[in-house]
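Chains A and B, in that order, give the protein sequences.
Residue 1 is where the first sequence starts when you use full-length UniProt numbering, and the numbers rise one by one after that.
Residue 1 is where the second sequence starts when you use full-length UniProt numbering, and the numbers rise one by one after that.
FYI, nobody ran anything at the bench for these hints, they're computed from the structure.
Among the clues, some could well be false.
[What the hints assert, rightly or not] Straight-line alpha carbon distances no greater than 30 Å define the calculated DSS-like cross-link-like pairs of lysine-lysine that follow:
#1 B:445 to A:41
#2 A:3 to B:445
#3 A:3 to B:61
#4 B:726 to B:2
#5 B:92 to B:55
#6 B:214 to A:3
#7 A:41 to B:214
Quick caveat, the model's predicted, so the values are computed rather than measured.
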Amino acid sequence: MAKVSVLNVAVLENPSPFHSPFRFEISFECNEALADDLEWKIIYVGSAESEEFDQILDSVLVGPVPAGRHMFVFQADAPNPSLIPETDAVGVTVVLITCTYHEQEFIRVGYYVNNEYPNAELRENPPQKPDFSQLQRNILASNPRVTRFHINWDNHTDRLEAMDNQDLSLSSGLPLSCTPIKGLGLPGCIPGLLPENSMDCI
Amino acid sequence: MKLLKPTWVNHNGKPIFSVDIHPDGTKFATGGQGQDSGKVVIWNMSPVLQEDDEKDENIPKMLCQMDNHLACVNCVRWSNSGMYLASGGDDKLIMVWKRATYIGPSTVFGSSGKLANVEQWRCVSILRSHSGDVMDVAWSPHDAWLASCSVDNTVVIWNAVKFPEILATLRGHSGLVKGLTWDPVGKYIASQADDRSLKVWRTLDWQLETSITKPFDECGGTTHVLRLSWSPDGHYLVSAHAMNNSGPTAQIIEREGWKTNMDFVGHRKAVTVVKFNPKIFKKKQKNGSSAKPSCPYCCCAVGSKDRSLSVWLTCLKRPLVVIHELFDKSIMDISWTLNGLGILVCSMDGSVAFLDFSQDELGDPLSEEEKSRIHQSTYGKSLAIMTEAQLSTAVIENPEMLKYQRRQQQQLDQKSASARETGSATSVAVNGESLEDIRKNLLKKQVETRTADGRRRITPLCIAQLDTGDFSTAFFNSIPLSGSLAGTMLSSHSGSQLLPLDSSTPNSFGVSKPSTEQIAAAGSKPTGESVGKDSVTATSTPTASSPSVLTTPSKIEPMKAFDSRFTERSKATSGTPVLTSVTPTAVERLKEQNLVVKEIRSRDLLESSSDSDDKVPVAKPSSLSKRKLELEAETVEKKKKGRPRKDSRLMPVSLSVQSPASVTAEKDALCLSAPALALKLPIPGPQRAFTLQVSSDPSMYIEVENEVTAVGGVKLSRLKCNREGKEWETVLTSRILTAAGSCDVVCVACEKRTLSVFSACGRRLLPPILLPSPISTLHCTGTYVMALTAAATLSVWDVHKQVLVVKEESLHSILAGSDMTVSQILLTQHGIPVMNLSDGKAYCFNPSLSTWNLISDKQDSLAQCADFRSSLPSQDAMLCSGPLAIIQGRTSNSGRQAARLFSMPHVVQQETTLAYLENQVAAALSLQSSHEYRHWLLIYARYLVNEGFEFRLRELCKDLLGPVHGSTGSQWESTVVVGALTGHMEVEVEVDAINQNAVTFFPSRWYCPHPIPA
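Construct all of the structure, not just a fragment, from the sequences and the given hints.
What follows is the structure, given as C-alpha cells:
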C-alpha cells in the first residue's frame, strides 16, 4: 500500500481569469515518515492533439513528511498563452497534478478545464486570435480523475519492474468513451504525457 | 443447522487463507491474496446473520480493507479484547492493527463519493523477526502475548503489551511451523510443524514440555496450514493432519500425560484445520425429564483438504454433522462466534461459508463463570482463568499474577496522570486555530524554502497525527533525516495530535498546541497509555460477578466418543462418499442404526424408519420460512427499479381501449377463433383514431390518429404518448392498426405489415420490422414485444437487448383439433408468452426448450385432491401473486376445499398432493416466476418434510445447493433461473425435522476409534 494517500484536492479561486495563477489546496496522509521529499507538479495540457504542447507549470518539493495528515497550497502561474495553439485556446482541456516519490509517480489527478469567454458577445463571435485577457478558466472541480500507481516506497530494495497501474476502479467519474482528451486517467497515455519524468520509474 | 455461502465475501476470486470473527460478533476479518499484495478485509457480520441487512444497501458489507502486506496473508487473529487484529503473511511480517477512532468513515479521493472504508484500521506495529513466511499467529488468553510461527522453523513470542519486544523465540522444530494454539489457561502453547511433530511449550520458561511424533510419522508435508486447537476446558489438544493406519485423522492429545489414544477419523484427505468451539456445553434439559445432571462437553470443527467440514461433540461418537463438497478447494481456516453457535469457514477457493446451529443441536452453553469454575477446579488459580474482580481479591499464587497486578496499578497511575495532562492541554487549545482558520491563511503561512539547487520546497502543514493509539512510538522508530528541518520535525507524540501552524515559529512542529476539536475527538482516551489496561478491562468486565451460587458439575465429561468400539476403520472407510449427513443427538440410536446399516448394505445413504416416535415435533414454520430458499429474483428487483408499478411482474394483455370503435376490434383480437385447419386469426381493422391506456400508475396512455395530415399528398398517421403529463409524438407513413406499450417501450403495428418500436421517450429503437403476415395482436411487457400474427404465429423479441426470444412459433399445436379460442394472453416480465385457452388449459412457451408446456388445467383432478394445508406457511404467504396465480387463480382455491369432501386413502392423497405440488413448482419455474417458484418450492419442501419423503427431499436439497459454488455452479444456476438462490444460497438442513421423522443420515465411515492399548 502506498505510504502517501491523497485525501483531497480543493480547487481554490475557481473560476478565475485565464492569467491568474492556479491554486490547489492538497491534503494528504502519510502512514510512515518519509525519508525524502515528495515532488508535486502541475501540468497544463495545451492541446489535446499532442503532448508537445504540455506545459509543466510548476514543480515543488514537499517535505519533510512525518506520519500524519498534512496539507499545503500548491500555487503555479498560469500557462504561457504563446505556447498554446490558437485553435485550442478556447474550449475544454485538462490540468494534471502529479506526485512522485523517488522519481516514481504514484498519483495523478486530472481535472477538466473549460476556457471560455464570460462575455456573451465574445462567446457568440469569438475573435480570430484568442483574447486571453478576456478568457475565463473554469476547472471542473467536482470531477477529478484519480489514477494511482503502485511504486516502491523503500529505496533499499529493487525498483519495481513495471509500473503497476492501479486505477482502483476510481475512474467512475466520467465514462471513458466521452473523454475527448488524452491522458486523463488513461494509463496508456502516461509515458507520452510526461516524457522526462514518468519514464524514470519504468 | 443453516448453511449460507455469502458470495459477497470474497477477495475477487483470490484465495482466502484465514478467517476470524471479532469477539463482539459484529465483524470478522479475512486474510489472503490481494491484487499484487496481501490483503486483509474486515467485514460486517450482520449481513451474514440477517438477510434483511444483507439486502439493505445502507448497511455496509465491507468495513475496511488493508493491502499493506506485501505478500499473501496467511493468518488473521483478533485479540481477545477485540481491540487489535494481528495478521501474518508471506512477507515475513506480522502487522498489528487498531481501529482509528477519531477518523470517521472516509471516502477515497476521486472515487465519486462511494464509501471506501467505513472503519479505519491502522497498522500500529509491524513485527519483524521471522526470516520466512508467517503461517499462523495466536493471542494468548488475556492478550499478554502474541505468538507467531513461520516457515523459518521458529515460533516467536511477542510481548503484546510492549510491541515489538520479543519475549522468546522457540526453536526446536526442524520443519515449517504451520499452526499454533494456546492452552486456555495460559500454561502451554502448542505448535505443529511439517517436521512430523507437535510440540508443547511451557509459558513459564518457554521451554519444550513435550514433543509428540508418533501420530505424525506417516505424514507428508502436503498441507498449507496445520492449525491445531486446544479444547476450551483444556483437557484435549487436537492436532491437524495426523495419520492412523495410513488414513488421515485429527489426533486427540490428552493434557493428562500427553496421551495419544484417540483421533477423529473420517476425512479422506489431510486435516488442515481444527477449531474448538469457545463454549463448553451441557445437554439441554428437557421439560419434565428427570433432571439427571449431565457432564459438560466440548464441540469441535474439523476442516480438511478433502473440502469437507465435520463438527463433533465430545459426548458423541460420531460427528454431529458432516458437510461434503462445501468448497472447490481445501478448507483453510475456521472461526466460531463467541456464543458458540455460528461458524465461519474459508477456503483456498476464495469463498466463505457460514453455519448456524441452534442450541437444540449443540446444547446449552455454560456461562463464562461456570467455565472459569471448571478451569479453577481443574487447574487452580491462574491468570488466564480469573476475572478481574476475582484477581483483585485473590491470593497471589504465582509471580505472573503479581506482575499483572503491579502493571494494573501502574496503568491506573498513568491514566490519571495523562488525564491531568489532557485537562491542561485543553486550555491551550482555545488559543489554537480551527481547521477553517488554518485553511484560510494556509498559503500565507506555509513555509517555503529554496533547496540548494534553487528548487521550491514547501513544508506541509501537519493537520493531524495518525491516531496510532497506544503504539504510537512504533512509527517513530526510524527518524527520518532530511535537510535542515530534520531535527525539528519530530513532533511530540505524547500530548497532542493536532498541531496548528504558528506563523511566528516557522518550524513549529516541535510545539504542540492541540485545538479544541482535536481534544474533543480524542475524547477521554488519553494517549501514551499502554494496551494492557484497555484489553484487560475489556475482557474481564463481563464476567465479574458473584462467584458462588452456581452448581456446575465441575467434572468434564470424558470424550465419550472414544469409548466407541467401532474400530475397524478399513471396513468403515469403504463406504462411498455422502453428500450431507446429519446425526441426531441420541447416542443410543447410533448403535442400532449402525447395526442395521452393516446388515443391510454398505451404501452411503442409510434410511431407517425405526424408532420414529421419541423426538419432539419440530419443523417450526417460522424457522422454515425465515431464510430458507431465498428466491427473490435479483433480476426482477432490478427491473422494478425506477418503475413504481405495483403489478410490474406482468401485464395482462387485455388492453383497455377507450375508443368505442376499437373495443370490438380488441375483442376480436382476444377471442381468437381457431378454424380447424388453416388457423386464421382476426385482424384489427383500421380505425380513424383510438386511445390506449398502458398503465395507470404511472399514468401512461397512447393515442393514435390515422391519416391526420397530408404532406404533399402523402397521408401521415400520428402516434402520441402521454406519460404522467409528459408527452411525445411521432408520425408514421402507414395507418396504425394496433398499438401496445409498457413503461419501457411503445410499439405499433401498421397496415403495411410493419412493426415499429419506440423507446419510452419516443425514440425509434429499430427500423420497422416486417411481419410475415398481418398483425393480430400486439403486446408489450417490460422490454419484451410480442406479436401474434393472423397466421397464428407468435414472436417475442427483447427490443432492449435486441434478441429474439420466440421465433414465429405456431399456435397449431395448442389450438389444433377443436374450436378453442384463446381467452387470455399474457407476456410475463421474463418474456414468456402464456396462452389461456377457452377449454381451461393454459400453456406457456418455453423458449429454451422450444415447447409449449401445459401449466394449468382447470379440469385437473390433481388440484382438487391435493391437500397440503399443513405445509402452508401462513395466511398471508398464501396470497402469492404472479403469472401462475393469474392463470390458475380460481381453480386452486376451490380445489382445496373440495379435497376435504373426498374420502380417499392417505397414500393416494399423498401421491396426488405431491404430483400437484411438483406440477406447480415446475410450472412456476418454466414461467420464470421467481416469487411463485419460491412459494411453491417452500410448500413442496415442507410437505416432503412433514410426510417424510426423505429421498425426494434429499434430491431437492442437492439440486438447490447444487455444487454450492464454483465452476460447475454456473450451469446449475441457470437451471434455477430465478437468481435468488444463486445470489444468496442457503438451505436449512432441518436437523430437527429429520430427527422427528427418525431419518438418520450416516456415512458409515465417520467414527472415533479407541484403540485400546494392549
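Task: Agreement of residue 3 of chain A and residue 61 of chain B with the hint, judged by alpha carbon distance not exceeding 30 Å - done: Roughly 26 Å separates the two Cα atoms, so the pair holds.
- [ ] Would you check the hint for residue 214 of chain B and residue 3 of chain A, treating anything up to 30 Å between C-alpha atoms as holding?
- [x] violated, 48 Å
Task: 30 Å limit on alpha-carbon distance, applied to hinted pair residue 92 of chain B and residue 55 of chain B - done: Violated - the C-alpha atoms of residue 55 of chain B and residue 92 of chain B are around 39 Å apart, more than 30 Å.
TODO: Take a quick look at whether residue 3 of chain A and residue 445 of chain B sit within 30 Å of each other, Cα to Cα.
DONE: holds, 26 Å
Open item on the list: Against the 30 Å threshold, does the CA-CA distance of residue 445 of chain B and residue 41 of chain A hold or violate the hint?
Closed with: holds, 21 Å
Open item on the list: Would the hint linking residue 726 of chain B and residue 2 of chain B be met if the CA-CA limit is 30 Å?
Closed with: violated, 50 Å
Task: Pair hint residue 41 of chain A and residue 214 of chain B, alpha-carbon separation not exceeding 30 Å - done: Measuring from Cα to Cα gives roughly 66 Å; hence the hint is violated.
The structure does not agree with the numbered hints 4, 5, 6, 7 stated previously, though it agrees with the rest.
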